[in-house]
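Chemist: Each chain, letter by letter, is given below.
Number of protein chains: 2
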Amino acid sequence: MQWTKVLGLGLGAAALLGLGIILGHFAIPKKANSPAPSISAPQDLDLEILETVMGQLDAHRIRENLRELSREPHLASSPRDEDLVQLLLQRWKDPESGLDSAEAFTYEVLLSFPSQEQPNVVDIVGPTGDIIHSCHRTEENVTGEQGGPDVIQPYAAYAPSGNPQGLLVYANHGTEDDFKELQTQGIKLEGTIALTRYGGVGRGDKAVNAAKHGVAGVLVYTDPADINDGLSSPSETFPNSWYLPPSGVERGSYYKYFGDPLTPYLPAIPSSFRLDLANVSGFPPIPTQPIGFQDARDLLCNLNGTSAPTTWQGALGCHYRLGPGFRPDGNFSADSQVNVSVYNRLELRNSSNVLGIIRGAVEPDRYVLYGNHRDSWVHGAVDPSSGTAVLLELSRVLGTLLKKGTWRPRRSIVFASWGAEEFGLIGSTEFTEEFFNKLQERTVAYINVDIAVFANATLRVQGTPPVQSVVFSATKEIRSPGPGDLSIYDNWIRYFNRSSPVYGLVPSLGSLGAGSDYAPFIHFLGISSMDIAYTYDRSKTSARIYPTYHTAFDTFDYVDKFLDPGFSSHQAVARTAGSIILRLSDSFFLPLKVSDYSETLRSFLQAAQQDLGALLEQHSISLGPLVTAVEKFEAEAAALGQRISMLQKGSPDPLQVRMLNDQLMLLERSFLNPRAFPEERYYSHVLWAARTGSVATFPGLSNACARANDTASGSEAWAEVQRQLSIVVTALEGAAATLRPVADL
Amino acid sequence: MQWTKVLGLGLGAAALLGLGIILGHFAIPKKANSPAPSISAPQDLDLEILETVMGQLDAHRIRENLRELSREPHLASSPRDEDLVQLLLQRWKDPESGLDSAEAFTYEVLLSFPSQEQPNVVDIVGPTGDIIHSCHRTEENVTGEQGGPDVIQPYAAYAPSGNPQGLLVYANHGTEDDFKELQTQGIKLEGTIALTRYGGVGRGDKAVNAAKHGVAGVLVYTDPADINDGLSSPSETFPNSWYLPPSGVERGSYYKYFGDPLTPYLPAIPSSFRLDLANVSGFPPIPTQPIGFQDARDLLCNLNGTSAPTTWQGALGCHYRLGPGFRPDGNFSADSQVNVSVYNRLELRNSSNVLGIIRGAVEPDRYVLYGNHRDSWVHGAVDPSSGTAVLLELSRVLGTLLKKGTWRPRRSIVFASWGAEEFGLIGSTEFTEEFFNKLQERTVAYINVDIAVFANATLRVQGTPPVQSVVFSATKEIRSPGPGDLSIYDNWIRYFNRSSPVYGLVPSLGSLGAGSDYAPFIHFLGISSMDIAYTYDRSKTSARIYPTYHTAFDTFDYVDKFLDPGFSSHQAVARTAGSIILRLSDSFFLPLKVSDYSETLRSFLQAAQQDLGALLEQHSISLGPLVTAVEKFEAEAAALGQRISMLQKGSPDPLQVRMLNDQLMLLERSFLNPRAFPEERYYSHVLWAARTGSVATFPGLSNACARANDTASGSEAWAEVQRQLSIVVTALEGAAATLRPVADL
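Residue numbers (numbering that gives the first Met the number 0), protein chains in the order written: chain A, 0 to 744; chain B, 0 to 744.
Only chain A is shown next, with the shape it has when bound in the complex (with noise of 0.2 Å):
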């Protein structure tokens, strides 16, 4: 009787502690030990971080940010943009609101200025040299802002000290071909001073194209037709209207490359190896000064000679013609002459951009860069502190979490507020230079926001391809300004949309030139960029860009009363650029949408094929392999999303998700060729770089193909369209290979 109970005692114990054994192994989680749980668990977007930074990014504080920013014109390295620099420094090391970390980088750039005890003027001149007439030296005062010794006269920066005369002509956008039909015309134009309009081509390109026709000077003028839906007078216009006044003139770089003109591809700190200004190439040839179009009526309209075609009128109020000189029945003899004089200065003067960083709590090596310049030509509301405020807000609200100890964010989020960019991205550039691998090696994005609102239409983005996403899933969840209840992509798409053969109807991207600091980001760096802004319903008004840019005019009150009255635009750009910030800072997987890519590969080997083909054929240069390096860009790219797909189903390791993210995040990257364009400063890459033609297609194969094409080139240009050719596809091959799975040859 022993045994059984002792064998039943021994199963029954047994069972006990199997069970114990069970229960201990299953159902209690054992705890790590190692690393800090907050370092490596996976994070991700939180929702409720987005929602609380949405809510607070405040229209009203924007506004007082426009006000105190645009209270006193800020030029690049005066008194009140090292002001500036401070007050930024000062909002970002704000106990409560501030960053982790700022500090200023100060560069000794080149600028240039006009003199202060000699004005530029242009005159008409009679024949015994008397002054018969004066344009207006400086914009009229009409409301107590446009006058004061910080009020930058116009002038066109850059442009050569010089006193020409001749006999005006007018000469339309001053394009090569503008400069051609005259001499068709029989319009000789040696020593002529020409009289154009902005737009059609690059402000500098005016004075080069007219320099190699002997022109002896030009001068510059914005044209009511192109700006003011024909408007002129002082009751249509700024203070009574959006619309530019009579005596407003646009000021601007007129230098033809960007970055420190004495030290390209290296930083302009003191030390750095400096062109002698003899061996600078890029400025303009002849002196050149703007005008504001009361003054351009003045002469244009006393013109002599054949009428301009159809295409060259505008809206002054008269018939163009062409000159040379004046009808002898207008408000000039007909042997006046115009005199410019140009009294510019070439300058070194220090420049700061101011750096503010929020350090990444999971990848601080991972950088979300968001910048916009801060100098201006006068008060700059518009441009750029509209942007300007809305970096301050930003950084206030993301300070004020951070801060609070509420939120960190994964990857570490850098704000840049870049000096002397109207003189040629100047700040930015100088930067790039500076950091030029740290930056390469470790940007997710760059986001620019340089104006932030043009007018309060519509949403207006540029950016490449990998960035398209995640807009598209920010602007989806924030409310869009104005009346109704669409989202911000609502409205969006209903003023710039595109058909993709993959998504269907979407709001459409515009690429990315120079006309902003994104420009060293994506052309020298070769990281993906954005530009962001709120811009003009183009039913509603056919101005280039708004009214005052870059006058006198461009004041807070233009804004609070004309261009975004309650500020909500500005708060919409806020909010969405704040949204991507943090899709791009916290997301565990980077949004950056490679396979996006293809449509764009796609359509650009298309428009080569339809634009280029036919003559490609005739000199026996095959397309194939284009095709074959597009396809195969295809199919990696959408191998790789599958795979992130998957990845995204399970639990992924941060190692196998830093992986993953390190190849999304360096595509843009295999598109940057340093050597792919010899002739050209910066542009590197093969897709985005300078393109002569208007077909939106590979800028290298294009432009060497138009050149090629020219009736003087030899073989050896078809040779070049050769090398471009393979230049491309080697890119994209090359890209495709970064995108297989990592360990595959």
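The set of hints was computed from the structure by calculation and includes no laboratory data.
All of these numbers come straight from a predicted model, not from anything done at the bench.
Hints are supplied without guarantee of correctness; some may be wrong.
Identical copies look the same in the list; a pair holds intra-copy or inter-copy alike.
[What the hints assert, rightly or not] Derived pair list, reagent style SDA-like, types lysine to any residue, alpha-carbon separation capped at 20 Å: (1) 631 / 103; (2) 631 / 105; (3) 92 / 327; (4) 92 / 744; (5) 631 / 643; (6) 631 / 104; (7) 631 / 268; (8) 255 / 281; (9) 211 / 162; (10) 539 / 560; (11) 631 / 507; (12) 179 / 308; (13) 255 / 692; (14) 592 / 502; (15) 187 / 326; (16) 648 / 744; (17) 631 / 280.
Got chain A; can you put chain B on it based on the hints?
Modeler: Positioned in the frame of chain A, the structure of chain B alone reads:
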């Protein structure tokens, strides 16, 4: 009584249950269900695996590999070269000892060959055109292996065809100074044939320098003084000793650059743009032919004219004279001339690289790249098959562990067998052009083993500073071949050492030029690289290189009998390379010690100050910014080293270590600047680009100083000196910036 029993039973049951729970929780390891534990669990170098690999690498197998590899000549693109491609693929796809995958990549490259129908000849021709004397057209068949159709005739690859004939002169090494000396001696060089000896300057440069002085054709020979410690008789040379027999001729590429000549910067795939032959620069401008010293003796020892300078004398057994023409009292009449008839042909040929990969278990997107070229001039037992034999044994041992499931490296290991290296590092260069971005972003280091054993005295390593420490660590743990119980390290330090301010006496690493396939990796891609081999005891021989280099006498028996009987030096190289591979692929913290760059920078700086300081001061150029930049680098590198040490004491998160490792891996890239040397081909590394002077300092700076110091230079040349200085300063400052804590601005 019942209730005490029940209580007792209950307590006992609870105890058992509790015990079971405890056992179940702690004693039984949890099986991870989501990511495989090996993925995120920090791995580190497994010393047992290292030990095993060291023990498995077998000298006999290396010997047998070599026997097979060198059995037949395997010139680039020949059928036997193709056979070896298949051999490699077979070995690397072997189910028991192969890799994860292997693939051949074929390029279409421009090679150069002598004509099979018309061999190149060098004749002495009498005044009536009769051939008085012919040099040998092939090497003597002393072992039975020098005959046969696959033994390519000695020739100068890429030398143009032609039949120049003229009086013979002796031009020493054929340097610019040598030809100037002949001019100073009053010798008319126009239309002559110049006999030069190997050494002193690159092969192709001899022809370039000669042509500049009007020379019509060039002969190149190997002097017994330079290769044989003066010995020259058949009994004293191979097959009776290590030395070069009298008929031996060094072949080689006479092309100036590296990479496929027709496709600079583009991969030589069929569709790539190719230069017109007329537009290819870098080929020797005049017919050139190498000859043996037996033939050279016949020519040189019969020359007329002045005595050659003492330093021009050699060991042919006669007093060298300069010519022009032969001594009347010699073997040939004074009016005889030398005719050099070259019938070389340029041909497009297919040449393959073979790539094999072991995928990393944790960080498959990090590549440890190990390469050796496969193609030879003739049997190539030393060059390159000694290295190929090592490659095969390394991949066998690692592949075996892989296939058994014993081990998988943390990072990926990529084995590469390069084609067409002998013609100008072609296979490796095309590979870097094709996969530029992928390689640059992911390659931890490149290890080159071309010739594994030049001689069996000591290890010899060339490399960039970051790899020094892993080479030291590896070699300290491996026994040196030979008697005694020294480590490879302790033997090495006796032959190559330097006094380091940081470490005291250590072995010295040489720097990387363009002598083998590491060149595109370090100069074009900026990847930390090294070249490993065993080499001579320089106190025992002054041979410029192992005597049968590039001749038909470089055979298996040569290695087996004279170079490394027993193959213990081959095994030592295999172990060294294997240990380095494992340390790079498996160590948690990458063993790249970036702070070791500080010594080099400091040394370059001091050399610049000493050698160039005064000259620069004369031109108001200050080295101050360079001093600051070096100091900044030193400080950041040291600080990073400290942070690494701190991290290594704890249990750091894999992501943290990944971020740090990225900084270490990418440091070398910071020194790359593709715009630094526009007139060079591929060279972009501001520390290691080709230097014209002998002082070890910053090449751009010292080259520019040398050019500027030339009496013919103007102020532009000094501007270039300043630019080069700024380039280095910017690179060092940029490098330092990448070493800062990653979220510091």
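Chemist: One pair to classify: residue 631 and residue 268, alpha carbons no more than 20 Å apart. Within, between, both, or neither?
Modeler: Intra 44 Å, inter 16 Å, cutoff 20 Å: inter-copy only.
Chemist: How do residue 648 and residue 744 come out at 20 Å by Cα distance, when the copy is not named: within, between, both, or neither?
Modeler: neither (27 Å within a copy, 36 Å between copies)
Chemist: If the cutoff is 20 Å on CA atoms, where do residue 592 and residue 502 land: within, between, both or neither? Let me know, please.
Modeler: within (13 Å within a copy, 49 Å between copies)
Chemist: With 20 Å as the alpha-carbon cut-off, assign the pair residue 631 and residue 507 to within, between, both or neither.
Modeler: Intra 25 Å, inter 46 Å, cutoff 20 Å: neither.
Chemist: When no copy is specified for residue 92 and residue 744, does a C-alpha distance of 20 Å or less occur within a copy, between copies, both, or neither?
Modeler: So residue 92 and residue 744 pass the 20 Å test across copies only (14 Å; inside, 48 Å).
Chemist: For residue 179 and residue 308, with the copy left unspecified, which applies at a CA distance of at most 20 Å: within, between, both, or neither?
Modeler: Classified as within; 13 Å inside a copy, 69 Å across copies.
Chemist: With identical chains treated as interchangeable, where does the CA-CA distance between residue 255 and residue 281 reach 20 Å or less: within a copy, between copies, both, or neither?
Modeler: Result: close within a single copy only, 5 Å intra versus 36 Å inter.
Chemist: As a check of your reading, is residue 539 near residue 560 (CA-CA no more than 20 Å) within one copy, between copies, both or neither?
Modeler: within (18 Å within a copy, 91 Å between copies)
Chemist: Between copies, within a copy, both or neither: which fits residue 631 and residue 105 at Cα up to 20 Å?
Modeler: between (45 Å within a copy, 18 Å between copies)
Chemist: How do residue 631 and residue 104 come out at 20 Å by Cα distance, when the copy is not named: within, between, both, or neither?
Modeler: Close across copies (17 Å), not inside one copy (43 Å); limit 20 Å.
Chemist: Is it within, between, both or neither when you check residue 92 against residue 327 at 20 Å Cα-Cα?
Modeler: Result: close neither inside a copy nor across copies, 66 Å intra and 92 Å inter.
Chemist: Cα distance capped at 20 Å. Does residue 211 pair with residue 162 within a copy, between copies, both, or neither?
Modeler: within (18 Å within a copy, 52 Å between copies)
Of the numbered hints listed earlier, those contradicted by the structure are 3, 11, 16 and 17.
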